[in-house]
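Visitor: So you can see what is in the structure, the chains are spelled out below.
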Amino acid sequence: MEKFKTLVAVAAPFPQKNVDTDLIIRIERCTGTPKEELGKYAFEMVRYLPDGTDNPAFVLNQPRYRGAQILVCGEFFGTGSSREVAVWALASMGIRCVIAPSFGQIFFSNCFQNGLLPIVLGTSEVDGLMREAEKGGEFEIDLQEQLINKAIRFDVAPRHRTMLLEGLDEIGLTLALEPKIAAFQAADRARRPWIYQK
Amino acid sequence: MSARTMFDKVWDQHVVEDLGDGVQLLHVDRHLLHELSGQRGQLDLKKRGLKMRNPELAIGSMDHVISTAPGARGGNFPWADRMIESYRAEGKAAGLKIYDIGEDGQGIVHVVGPELGFTLPGATLLCGDSHTCTHGALGALAWGIGTSELTHVLATQTIVQQKPKTMRARFDGRPARGVTAKDLILALIGKIGTAGGMGYAVEYAGKAIRGLDMEGRMTVCNLSIELGAKIGMIAPDEKTYAFLKGRRHAPAGALWEQALAHWKTLPSDADAVFDKEHAIDCSVLAPQITWGTSPEDVIGVDGRIPDRKPDALAYMGLAAGAPIAGTRVDRVFIGSCTNSRLPDLRAAAALAKGRKVAKHVEAWVVPGSWRVKQDAEAEGLHDIFLAAGFQWREAGCSMCLGVNGDLVAPRARCVSTSNRNFVGRQGPQARTHLASPAMAAAAAIAGEIVDVRGF
Chain L
1 MEKFKTLVAV
11 AAPFPQKNVD
21 TDLIIRIERC
31 TGTPKEELGK
41 YAFEMVRYLP
51 DGTDNPAFVL
61 NQPRYRGAQI
71 LVCGEFFGTG
81 SSREVAVWAL
91 ASMGIRCVIA
101 PSFGQIFFSN
111 CFQNGLLPIV
121 LGTSEVDGLM
131 REAEKGGEFE
141 IDLQEQLINK
151 AIRFDVAPRH
161 RTMLLEGLDE
171 IGLTLALEPK
181 IAAFQAADRA
191 RRPWIYQK
Chain X
1001 MSARTMFDKV
1011 WDQHVVEDLG
1021 DGVQLLHVDR
1031 HLLHELSGQR
1041 GQLDLKKRGL
1051 KMRNPELAIG
1061 SMDHVISTAP
1071 GARGGNFPWA
1081 DRMIESYRAE
1091 GKAAGLKIYD
1101 IGEDGQGIVH
1111 VVGPELGFTL
1121 PGATLLCGDS
1131 HTCTHGALGA
1141 LAWGIGTSEL
1151 THVLATQTIV
1161 QQKPKTMRAR
1171 FDGRPARGVT
1181 AKDLILALIG
1191 KIGTAGGMGY
1201 AVEYAGKAIR
1211 GLDMEGRMTV
1221 CNLSIELGAK
1231 IGMIAPDEKT
1241 YAFLKGRRHA
1251 PAGALWEQAL
1261 AHWKTLPSDA
1271 DAVFDKEHAI
1281 DCSVLAPQIT
1291 WGTSPEDVIG
1301 VDGRIPDRKP
1311 DALAYMGLAA
1321 GAPIAGTRVD
1331 RVFIGSCTNS
1341 RLPDLRAAAA
1351 LAKGRKVAKH
1361 VEAWVVPGSW
1371 RVKQDAEAEG
1381 LHDIFLAAGF
1391 QWREAGCSMC
1401 LGVNGDLVAP
1411 RARCVSTSNR
1421 NFVGRQGPQA
1431 RTHLASPAMA
1441 AAAAIAGEIV
1451 DVRGF
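Chains L and X supply the protein sequences, listed in that same order. Sequence positions in the first sequence follow this note's numbering and run 1 to 198. Sequence positions in the second sequence follow this note's numbering and run 1001 to 1455.
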């Protein structure tokens, strides 16, 4: 997985609340579209006009936000289904960081598995960054120091921070704990034998 | 030891390793797979050169991409058939039992888990689908996961998880006739919003919850994710045990007795403290129906369309201030992991009996599982639906999300017993109103949104 250290990139304002994963990626794109091709389908219901051309009103179609790698979002971004394809679609269009007052919980977990940093901030801080993003220009996201634009501190769980900084893979980390898993099952089999004889 | 919640008890029984900073590695007792997310996880596992660690703790079903057309035996598209075939082959190679199309045990994962006795009180249960919270109705600790986490479960039979806070939602007061489990949970979502449960594991309690049958409890827990909570639970009781006893994967004999003794220790202690509490008085509720593009956009069917969220109103083609009742509908969908179980179909059939679906409405009934379909037919429910002009289809997820091609046309209006009324959820520009099975059946017959209490 690509490491995340410091990101300097254009930030786009996306103030809509409750952006759900159906809006981020339609379900029919979850049926085998290769990961790297998903970017062109991200937000397709609002990004394109009925004739398939770009909708000029959609923020990421505006010249100054093309190539944006940071989204500043309204509350509860990524609500809805468990489809990890929503994160893949954002990653495929180049998004590496999403800032919002809150996130859909499964979406939030899925981000860290794919090198995408979701940052939770208070509403007033997000509002401030939204205004900054509306002016255009770049943000600096420093994960090592946990700072946005050298000024706004953000929290990230230590485990998630390490995963992103070092590009670690959770499955690899857990496989190293196999003896513990085997020991748990051996003890649990005595405690709750019905679980193991379905 | 101090008083503990059911959630804390079950969580603590599954900790394999404390990873620090409130993150723990938990054992996964039960893993449910379906042909959409499951197949992707199988391929990821294979690509990594890994094997499914405990196929004996998992089962698979088919629900998302399969056709629900009467008599169908596969997908509606070549890609769907390829996906089904790959899922079958990988499952077979791994030793995974897949309940296949046409087999007793096939159906929507969240219907067949409980139906097969695969879902158990006090068990951790994961599935690559956000509505996995449904299984909490039996006292399981269950939530939905993405593909990476699914692959993690396949490889390690564990999950890395930050422990959420706890919330209790009490439902007291006697619901009026026509007010169902669906209405109770929609009312809570309307009250606290779709982010109200974010970061919490929710326990549903109170007399109105205890009064629900198991299927009603599944409907309540199913919509936990629409509350923003990954996890919803209801304490197991005599109804739970009676429901489970004798089911295919449930423990039997001495193991049943041993399991039962354990399950009885699970309910929250009387003085357990929750991080947050909410209460709903069910006695004042009307049947609920959504008007916007989020499940929190919900009102009583006797209410007027609120004057807020103009974008949602424009999408839905509704005018603020107008009564919601009387809104003309084009489609009705009775099905999904929320409301496709036998009591749901009975409630809809009771409304449909001896009546006809309005001429301009296309109405579908999609049973939640092969078994539900057989049982419904044994009672003659299909005859009632067919005589009334409903389509009677094969089990699957169908028009809840439309990935199999079961879609609502652009700008068409659908009353649906499913769980999400998002923009485009049932098809591009489709307009969805969420409601109970009885409300949906009544809308099909009236040809418009109607208060089931006076119907």
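Because the hints were derived from the structure by calculation, they are not lab data. The reader is advised that the hints may include incorrect statements.
[As the list claims (entries may be wrong)] Examples of chain L residues lying across from chain X (beta carbon under 8 Å, computed):
#, residue
1, ASP20
2, GLU28
3, SER82
4, THR174
5, LEU175
We treat Cβ as the ideally placed atom computed from N, Cα and C, and that holds for glycine.
Visitor: So, for every hint listed, does it hold in this structure?
Guide: Here is how each hint holds up against the structure:
{"no.": "1", "hint": "ASP20", "result": "5 Å, holds"}
{"no.": "2", "hint": "GLU28", "result": "6 Å, holds"}
{"no.": "3", "hint": "SER82", "result": "4 Å, holds"}
{"no.": "4", "hint": "THR174", "result": "5 Å, holds"}
{"no.": "5", "hint": "LEU175", "result": "6 Å, holds"}
Consistency with the previously given hints is maintained throughout, with no hint failing.
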